[in-house]
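So the protein lines, in turn, are chains B and V.
1 is the number of the first residue of the first sequence in our numbering; add one for each residue after it.
1 is the number of the first residue of the second sequence in our numbering; add one for each residue after it.
It is possible that part of the hints are untrue.
[As the list claims (entries may be wrong)] Here are the simulated lysine to aspartate or glutamate pairs, EDC-like style, with alpha carbons at most 16 Å apart: (1) V:Lys94 / V:Asp55; (2) V:Lys94 / V:Asp49; (3) B:Lys47 / V:Asp55; (4) B:Lys47 / V:Glu159; (5) B:Lys47 / B:Asp15; (6) B:Lys47 / V:Glu137; (7) V:Lys94 / V:Glu148; (8) V:Lys25 / V:Glu69; (9) V:Lys94 / V:Glu52.
Please keep in mind that the hints were generated in silico from the structure rather than gathered at the bench.
Since this is a predicted model, take the numbers as computed values, not measurements.
So you can see what is in the structure, the chains are spelled out below.
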Amino acid sequence: MDCEEFCKYLGAFVDGELETERNLEAFEHVNTCPGCAARTAEIPALKAAVARVFSEVPVPQYLQNRIGSSLEPHVIPQLAEPPSSDARAARLRLRVLAPLGIAAAIGAALLLWQYWLSSGSQPAKVIVATGQFVTDVREQHRLCVDRRGLGHHDASLPRDLPGTARCLSNELQLAVIAPDLSIKGFDLVGADRCGIMGRRGAHVLYQYALTGAPLSVFTVGSVTELGSGANGSTRGRAYFVSSNQPLCVVAWHSGPQTYAICGEFSEPNLLDLAGAVRTASLAGPDFHQPAGSQLAMAR
Amino acid sequence: MLDGIEKAAGSVEQVKQGRSDSTTKARFEAIALPHLDAVYRIAQALGSDAAEADDLVQETFVRAFRAFERFELREYGARPWLLRILHNVFYTMKGRERREPTLLDDVDFDHFADGLNDNGSDWSSAEAVNWDYFDQEVKTAVAQLQPEYRSVLLLWSIEGLSYREIAEVSDCALGTVMSRLFRARQSLRRLLCGYARERKLGAERFH
Chain B
1 MDCEEFCKYL GAFVDGELET ERNLEAFEHV NTCPGCAART AEIPALKAAV
51 ARVFSEVPVP QYLQNRIGSS LEPHVIPQLA EPPSSDARAA RLRLRVLAPL
101 GIAAAIGAAL LLWQYWLSSG SQPAKVIVAT GQFVTDVREQ HRLCVDRRGL
151 GHHDASLPRD LPGTARCLSN ELQLAVIAPD LSIKGFDLVG ADRCGIMGRR
201 GAHVLYQYAL TGAPLSVFTV GSVTELGSGA NGSTRGRAYF VSSNQPLCVV
251 AWHSGPQTYA ICGEFSEPNL LDLAGAVRTA SLAGPDFHQP AGSQLAMAR
Chain V
1 MLDGIEKAAG SVEQVKQGRS DSTTKARFEA IALPHLDAVY RIAQALGSDA
51 AEADDLVQET FVRAFRAFER FELREYGARP WLLRILHNVF YTMKGRERRE
101 PTLLDDVDFD HFADGLNDNG SDWSSAEAVN WDYFDQEVKT AVAQLQPEYR
151 SVLLLWSIEG LSYREIAEVS DCALGTVMSR LFRARQSLRR LLCGYARERK
201 LGAERFH
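From just these sequences and the hints, can you work out the full model?
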């Protein structure tokens, strides 16, 4: 066996995968050729380099949660549809139907959102969020994200969501809203006592793992009004809220815009909203209309 | 009366089914989920982006869970089994038709490298690559490989599977595995030699 032939079998030889006779020939060649003997060190080095590069990626928590929930027995049958025998036709159908499906989903989300806002849980009062209120939410969100950075977190608070919510709730004497949004890919990046419009409140800041898109969830105490305009104007958007419940305010970015919405959010509502923000974030800067944005655009 | 009995029987069946589901899920979680890391690593390298990798992993585990009752651990280890499903999911998602056996599939175990002389000179070149310098470049180079080559390379390097195990996971012949692995390593080396020459790094020479 000469050097050129040995090089063909180098990898298989080092891996111990050659047939006995060929292995003996390779072995004899290595013993007589220092150059090829040195080459054998490259295979494990290459193997180690590839393993090192690709072994550093931990499985994100949201994916673990997603897999856990997808293994629930009631979910499996929905995913068990047999694939179409005609893959090309399926792809074509997907191309045609996907935009319609997305449009329908956004429409349904808007309808649900309006229904949810209008039906509420026994609304006790209609409050009006003025332009000033929305501006303040936007500024607070931007302040925390841009100036203080996404690492914004009070060191005295625990780094986990339940612990943070418990501490802030005890301290502020209100039920702080801090849902686990990891199933939608949003992880906690910080929590603090950033109020809105001078009100004391909690601010839980999340970030979408893939794109870095931030999402803020503020909780402030019960309110009877949400600011007034510079000239005492009360023009703005009407929200139905219970006056004895803490108010939840959510803010997020989409492209150059910042959006804000308030109300009484349940966890499923917030998960839906996080899903819409994620979609907007993945769609890139041209996508400016996540579900609910028409209700919530900050001007 | 009969209605009541039927309902009661139905309830018992539901309870049994529920217990069976939860037992199966617990067994599946105990056997399959420890290999989530391995599946995720390979999916990361196979998928074109992180979202696609996530989908690959989720679909792999959903399919594995559905087929779990038929899974025989003694016959097929959990990790190769999951990786094989991942491989199938990947090609299904890519919409690739099942590939017909190629000429390489028919080569003898010991003659996989025949006919590769055209590009075979890279390994016999006098340059040695110091792989420790090029983590990012290795990542880029692996991403540039065709999925078939990338998959085989990662199963070999990250998961440490034998050629026969890789053949089972990839559902192809042993000669094909050897050929793909040879070409994948060769491509990586060629790219890395180029980087090394540009940066004047790792220019040891074999004698």
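Here's how the hints hold up against the structure:
1. For the hint linking Lys94 (chain V) to Asp55 (chain V), the alpha-carbon distance of about 12 Å falls within 16 Å, and the restraint holds.
2. The straight-line distance between the Cα atoms of Lys94 (chain V) and Asp49 (chain V) is roughly 13 Å, inside the 16 Å bound, and the hint therefore holds.
3. About 27 Å separates the Cα atoms of Lys47 (chain B) and Asp55 (chain V), which puts this hinted pair outside 16 Å; it is violated.
4. Among the hinted pairs, Lys47 (chain B) with Glu159 (chain V) is consistent with the structure: their alpha-carbon atoms are about 10 Å apart, no more than 16 Å.
5. Restraint check for Lys47 (chain B) and Asp15 (chain B): satisfied, since their Cα atoms lie roughly 11 Å apart, inside the 16 Å limit.
6. As the CA atoms of Lys47 (chain B) and Glu137 (chain V) are separated by approximately 14 Å, the hinted pair is consistent with the 16 Å bound.
7. The straight-line distance between the Cα atoms of Lys94 (chain V) and Glu148 (chain V) is roughly 12 Å, inside the 16 Å bound, and the hint therefore holds.
8. Among the hinted pairs, Lys25 (chain V) with Glu69 (chain V) is consistent with the structure: their alpha-carbon atoms are about 10 Å apart, no more than 16 Å.
9. For the hint linking Lys94 (chain V) to Glu52 (chain V), the alpha-carbon distance of about 11 Å falls within 16 Å, and the restraint holds.
Checked against the numbered hints given earlier, this structure breaks only hint 3.
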